[in-house]
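A.B. asks: Listed in order, the protein sequences are those of chains Z and C.
Under this note's numbering, the first sequence has 26 at position 26, and the numbering climbs by one with no breaks.
Under this note's numbering, the second sequence has 246 at position 246, and the numbering climbs by one with no breaks.
Because the hints were derived from the structure by calculation, they are not lab data.
We put the beta carbon where it would ideally sit given N, CA and C, even for glycine.
This list has only true hints and no planted wrong ones.
Which bits of chain C does chain Z cover? Going by a derived footprint, with three or more residues having C-beta under 8 Å, they are:
1. 6-18
2. 28-36
3. 40-53
4. 82-93
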Amino acid sequence: MSRPAPLGHGLGLRPIYYDEILSTRPAVDWFEIISENYMTGGGRPTAMLERVRADYPIVMHGVAMSLASTDPLDFDYLRELKTLAERVEPAFVSDHLAWTGVHGVTLHDLLPIPYTEEALAHVAERVMRVQDFLGRRLVVENASTYVAFRESEMSEWAFVNELARRADCLLLLDVNNVFVSSFNHGFDANAFIDAIDPDRVAQFHMAGHTDNGTHRIDTHDQPVCDEVWALYERARRRFGAVSTMIERDDNFPPFEELLAELGHMREIAAHIDAESARSAA
Amino acid sequence: MRLAELQAMFQAGVLAGAEDGAQILESVKNSRQADRTTLFGVYVNAYHARLAEFLAADFPALRALIGEEAFDALADAYIGAQPSRERNARWYTTRLPDFLRESEAWRDDARAIDLALFERALTDAFDAPDAEALPIEELAAFAPEQWPRLSFAFHPSLILLELETGTIATHEAAMEQQELPPRGEGRGHVALWRADLDSVHCELEADEFMALSLAMEGHAFGDICQMAAFRDHSDASPERLAQMLTGWFQEGLVVGAEAGEDG
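Starting from the given sequences, assemble the full structure and let the hints guide the process.
C.D. replies: Below you can see the structure in the form of structure tokens.
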């Protein structure tokens with residue numbers, strides 16, 4: 001099995017930056033959209049996406065598939081998602097290892113699961129059905145979590161690896177989520193990175209979070225912190241060149257600040273590649 | 001515990017709005033730094049904050065009109081009464097105007113209800129499905145005898161509202177953070193739609209509101225001229241209707257035309 005070719009270093013496509021992106025055509029290798037924001041009909045979101053799509057590769061990232069829910073899969077939602085994918089022709093379609101609600105209710109959040117054999121079988125079966133329906137491999141992301149359940153029978157990374165193996169899906173390794181969850185649950189973030197199967201990782205996410213002292217929350221409203229950059233460096237060494245992007249969803253800075261963060265990411269990657277080239281020589 | 005049971009319990013705890021005493025806590029571990037109540041509380045707080053944020057984002061003028069405290073209380077009541085059943089967050093706030101109309105605390109406040117209706121329509125027009133405007137020249141394809149049987153399709157973003165007079169002025173003042181105008185008297189008619197990717201609106205005379213409403217329902221040109229509802233207006237005439245129709249074409253509101261079968 002081969003990993004998809006890396007797209008380079010990307011950013012999230014967010015409405016606040018539409019005009020700047022379209023007028024300056026910044027040196028960003030690709031953009032990631034929140035799929036649901038473009039599943040509403042037409043108008044400005046659709047028009048802006050089409051214009052950006054003309055010049056940049058796009059990745060579709062969803063927040064509402066509810067892969068781990070015990071409710072039935074929502075095929076109306078999946079049909080809309082598939083229609084969008086047919087229009088956008090994204091490099092990947094991703095969503096989270098999480099659930100968003102049961103009994104028809106949506107909590108509009110990425111909710112945690114116990115890492116049990118029952119949950120693993122359940123999610124793997126759903127990922128396979130989604131992949132069959134969409135006609136493409138799904139990329140599944142590790143979510144930030146704030147609670148851990150007594151029912152868990154294995155580590156998150158063991159669960160993630162086994163899910164990817166059973167469902168034959170790809171993984172989106174959210175480096176910030178690894179850090180946030182490791183802080184909240186007291187596990188070693190490096191151990192998580194070191195355990196993930198390199199053949200499965202199609203994409204990295206980077207983001208900032210909020211430090212609440214006793215716990216950290218994945219808010220996407222801050223620059224990437226030093227600890228997460230360090231973890232990215234470790235992941236980049238282990239997994240090589242992987243499509244990587246920075247998520248920013250609130251407290252939006254001037255676009256140049258995101259470009260500067262992207263530049264920092266590129267420097268780290270270039271440094272690692274240069275090191276690898278020297279040691280290979 | 002089975003996954004389904006755990007999820008039901010977790011969701012019940014979030015919807016209850018208080019982390020203390022949630023049954024799910026029995027399954028949640030304390031972390032080294034925080035107790036399980038605090039950690040589960042992250043989800044409880046995020047749920048409420050997120051939905052309140054959706055409401056504030058979609059109804060900024062209503063918030064300015066009724067004040068932050070009343071808006072927060074309204075948001076609490078709406079969130080408490082309406083767990084989201086929408087997979088896409090975009091649709092969660094749609095029922096707020098209806099909720100106002102049905103709520104004892106708000107049902108007599110026509111100004112607030114109409115402002116909420118106007119704001120919802122702006123949001124709906126903004127991302128309604130796309131459709132190509134029909135050039136008025138296309139009407140030349142129809143023979144004059146077909147005209148009475150012509151009916152039209154309109155842009156999916158077009159919404160007609162009957163609102164308290166002054167609703168738009170209140171909205172504009174609120175969005176510009178100016179002092180809100182005094183409450184208007186009487187009611188008026190408004191059309192909203194999307195033009196050049198932005199929601200736009202204009203006020204309509206009563207006869208045009210009636211004619212456009214009938215046309216949007218699919219009534220043919222000739223039928224509208226004959227309809228009592230339209231004829232109730234003193235200046236109603238085929239010429240007046242033709243003038244309106246030209247305006248609808250010029251605004252890009254008409255996206256299709258077809259001549260129905262005779263008789």
